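In the order they appear, the protein sequences are chains A and B.
Taking my numbering, the leading residue of the first sequence gets 0, the next gets one more, and so forth.
Taking my numbering, the leading residue of the second sequence gets 3, the next gets one more, and so forth.
Quick caveat, the hints were computed from the structure, so don't treat them as lab data.
The structure presented is a predicted model; accordingly, all values stated were derived computationally and were not measured.
Among these hints, one or two may not hold up.
Stated by the list, open to error - Below, computed lysine-lysine pairings styled on DSS-like, alpha-carbon distance capped at 30 Å:
no., chain 1, residue 1, chain 2, residue 2
1, B, 82, B, 70
2, B, 70, A, 11
3, B, 82, A, 81
4, B, 82, A, 24
5, A, 24, B, 70
6, A, 81, A, 7
7, A, 11, A, 24
8, A, 24, B, 75
9, B, 75, A, 81
10, A, 7, A, 24
11, A, 11, B, 82
12, A, 7, B, 75
13, B, 70, A, 7
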Amino acid sequence: MAEFDPEKFEDKYANYFTELQRAYKNAFERMNERYDSELIHAIDQQVLNESEPFYEGDGEFRIDLPENPGDRVTGIIVDDEKLDETLDIYVDELEAELRSVFGFEE
Amino acid sequence: MSTDAQNDGDDLEERVSNFLRRNFPQIQMHGGSAAIQNIDRETGEVSIQLGGACSGCGISPMTIQAIKSRMVKEIPEIEKVHADTGMGGGGGGGMEPSFPGETTDDGDDGADEGPQAPF
């Protein structure tokens, strides 16, 4: 398990790119199994492409999303409530994956 | 003797392309592709489209963010990177063919204004 270094996370895309990719991919796959695949793809491609993970300390991560994520999702029909709900779950999954990938969680 | 030092435009495109190949071999390894769609040398903006398997594979958001974040740091002329998988605009598909050798013809007249060679 790679030793996590919060300072190195400042330059995360250079130092931890592989780990970040793995976390995003794992979360994507899990969500894709459980929820509407079209919606998960749309969130992945249209919302998460402007997301950014931050390390909060104490093994916790935070995912910053772009403003008005609901407005960014186009090309599929989904009501706001379902979108928000799924997005919340997706973000939770991502944060959990990050904790796992960086060794904070079994 | 390098002769291409005079040709700023192609040099920049080549550096962007090399940057992608060097730092993001995963794109090709995973069956995806990254095509440079446009480079605006005046504003320092570059548009890149990820295609192939990158459209909807779960790691493209991170790849896009990484390209955006790192390219502006490593290539001083680049101020802003637009990168997507072509799915943002609506409808479906997003599987636009993109060929590595594809270059959009330099139709913009502004590009030929001959940047003064910095000495």
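- Item | Pairwise hint evaluation, residue 82 of chain B against residue 11 of chain A, where the allowed Cα distance is 30 Å at most | holds, 19 Å
- Message: Holds or violated: residue 7 of chain A and residue 75 of chain B, Cα atoms, limit 30 Å.
- Response: OK: residue 7 of chain A and residue 75 of chain B at ~16 Å, within 30 Å.
- Task: For the pair we were handed, residue 24 of chain A and residue 70 of chain B, check the Cα-Cα distance against 30 Å.
- Result: holds, 19 Å
- Task: Sort out whether residue 7 of chain A lies within 30 Å of residue 70 of chain B, counting only the CA atoms.
- Result: Within the cut-off at roughly 18 Å; holds.
- Take the C-alpha atoms of residue 75 of chain B and residue 81 of chain A, compute the straight-line distance between them, and say whether it is at most 30 Å. violated, 38 Å
- Item | Proposed proximity, residue 24 of chain A with residue 82 of chain B (alpha carbon, max 30 Å) | holds, 26 Å
- For the pair supplied as a hint, residue 82 of chain B and residue 81 of chain A, confirm whether the alpha-carbon distance does not exceed 30 Å. At roughly 33 Å apart (the allowed maximum being 30 Å), residue 81 of chain A and residue 82 of chain B break the hint.
- Query: Would the pair residue 70 of chain B and residue 11 of chain A pass a check requiring their Cα atoms to be no farther apart than 30 Å?
  - Reply: holds, 13 Å
- Does the structure keep residue 7 of chain A and residue 24 of chain A at a Cα separation of 30 Å or less? holds, 21 Å
- Message: With the threshold set at 30 Å, check whether the alpha-carbon distance from residue 24 of chain A to residue 75 of chain B stays at or below it.
- Response: Satisfied, since the Cα-Cα distance of roughly 25 Å is no more than 30 Å.
- Given the hinted pair residue 11 of chain A and residue 24 of chain A, is their alpha-carbon gap at most 30 Å? Holds, at about 16 Å.
- Going straight from one Cα to the other, do residue 82 of chain B and residue 70 of chain B come out at no more than 30 Å? Roughly 7 Å separates the two Cα atoms, so the pair holds.
In terms of the numbered hints stated before, the structure departs from hints 3, 6, 9, listed from lowest to highest.
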